[in-house]
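Chains as they are written, first to last, in the numbering used here: chain A, 2 to 360; chain B, 2 to 360.
Be aware that one or more of the hints could be misleading.
To give a feel for the contact side, a few chain A residues facing chain B, derived at Cβ under 10 Å [to be verified]:
| hint | residue |
| --- | --- |
| 1 | Pro64 |
| 2 | Met65 |
| 3 | Gly119 |
| 4 | Leu142 |
| 5 | Gly220 |
| 6 | Pro222 |
| 7 | Gly315 |
| 8 | Val331 |
Hints listed in this document are in silico derivations from the structure and should not be mistaken for laboratory results.
Backbone N, C-alpha and C define an ideal beta-carbon position, used for all residues, glycine too.
Listed below are the residues making up each chain.
Number of protein chains: 2
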Amino acid sequence: MANAVKPSEGAEAVRVPVSELRAFIARALESVGLPAKDADRVGELMAEADARGSEGHGVFRLPMYVKRIQSGGMNKHPQMRLLREQAASALLDGDDGMGHLVMSRAAEIAIDKARKAGVAWVGARNSNHAGPAHLYARMPLAHDMIGLYIAVGSANHLPPWGGIEMLLSTNPIAIAIPGLRRPPIVLDMATTNAAYGKVKVKAQRGETMPEGWMMTREGKPLTNPKRAGEGFLLPIGGPKGYGLALMFGLLAGTLNGAAFGKNVVDFNADSKTKTNTGHLIVAVNIAAFADVREFKQSVDGIWDEMKSSPKLPGVDEIRLPGERSEAIHVDRTANGVPVSRELRQALDQLADRLGVRRL
Amino acid sequence: MANAVKPSEGAEAVRVPVSELRAFIARALESVGLPAKDADRVGELMAEADARGSEGHGVFRLPMYVKRIQSGGMNKHPQMRLLREQAASALLDGDDGMGHLVMSRAAEIAIDKARKAGVAWVGARNSNHAGPAHLYARMPLAHDMIGLYIAVGSANHLPPWGGIEMLLSTNPIAIAIPGLRRPPIVLDMATTNAAYGKVKVKAQRGETMPEGWMMTREGKPLTNPKRAGEGFLLPIGGPKGYGLALMFGLLAGTLNGAAFGKNVVDFNADSKTKTNTGHLIVAVNIAAFADVREFKQSVDGIWDEMKSSPKLPGVDEIRLPGERSEAIHVDRTANGVPVSRELRQALDQLADRLGVRRL
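Chain A with its partners taken away, still in its complex shape (with noise of 0.2 Å):
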């Protein structure tokens, strides 16, 4: 079942309802070994994911998550457990089981703990890419708490500042903050100026990377994103954003015993070798700080005071982190996730490939 197209995502892209979209994640994890309440909640999340416009990390990475099950480079029934536990700190092994998985797991022992002890930081090694980094920094959000978000991207894009061996990600950062009438400030980032999806992205529609993305072992600007792999990402803000993927790779990857630096293992090139994913989240309960309704009024006002603040000529609008997401999370999940074609047919082959039921 699919509904209208519209012409802003062209001819090709048909609208999928997200519970459908979800039940097809879940099948096809489900028939490659997960049990079904994992293959669900994997399924929920991804899709989620697409529904809220982070479509380079929704259903488009199915086909990569079941080859790295099937070639035992995940775990189908993880053994997660808690290495090291304090009242608002937890390490906690996932067992090489999907990030989505672990992710969730460490979220909920974060907001547990943080409901008794105000804050609590709960780390992860052994874990997986997840998805979209606001996917865990929103979970704490519906308890009254901040969220806070912090990985060791999948894959080495980034070298240190002034070198040309890549041995950072684009290790991300999202924080999320609810409102009371205004849809939560949820800030979700690399700390390179482009993400290396949007690279990948650049070159299949055969167009030019503006300066700034990408530079040449040379130091010179690379432009043509089909050159991409004779090149790297440049940080934000020059050695600060190196500064920052250096620090959240110390805190996300080194602290928990996970992997950052050399050990990092490209998962797009590597289907098999456990990735000893790291991650981090922190949750802030609002209480522990302020009354929880007063906050969420000054965060409302905080919204409007930039929304109404003059803009520079030739700009429509200015925008709160979060807030194109909301927007596109409010449209699809009315009128469903746009599927293109492309996309379609290799769930299509998935599907067949897998004996189950297609999208």
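Fit chain B to the known structure of chain A by using the hints.
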């Protein structure tokens, strides 16, 4: 007493021992009514700022701090108190005391709580400018902890992305992570491409700013630092730096009931109005996540991995965050802090006016 001048710092800069700088700051502050113990603590931290190369946040600020104290904008006898407290969190009311004192107390509380809870997050309101961010992020290091500090800057120089009204400050973040044999890795950065202090230095020197530092209200690059009042700073990575400045303001300001957005007082222009400055500090007890020695060795390993990696043409050295500051600290601890003739004159005038012994 002053050591020999280093040619690199100009004929006018004379070296002053850190201990003398500290004592001078302390006696100036004591002369305007701070208790001796508080005056000494502020002197210690301000001299440390100079000793670590953060000259824009050291003794240079003393005349302004004195003016604010004398104008009643800062409380000489703050009665700090915890407004809220849980096992891993606290909200400290600084009672308009000097920011250095408020954040020293906040760091102590965070360290104490993190020892038991694994992690602790302490917010502060009714505080003041506290000098460089890294001072506070460094405090947990001696306790085998990681430090993270965020502040609402003390003057708005940044509009929301696409806007022209300066509703945001350069809201900085500092993160400090200890090594074993290598120096700690310490990131201290504004969320703008240039801190406002750098613009002032360019203006003093009659130099041009590079494009990317500032923009006019018409959206054109602003490169003449003497016209800085006609434009505003630009955030790192465009909308990303705006997003970081916004989230940091909500976390360090709004959550703590401190100023953020329109209600930030420009402490350069106004020395009377209470600023209600907000900050936050997080202490992460390494032992809650890892074996401390092994972790520090891993941090050394990452240091060496970055440091020894191949470089871009024309690059002499790959630096780690905090490396430059560490080298400066070693030099200045041994040889003193360079004090320019202009600064010396300003400090001599201040000393004479306050009736205290000159530096």
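Output the numbers, in ascending order, of every earlier hint that fails for this structure.
1, 2, 4, 6, 8
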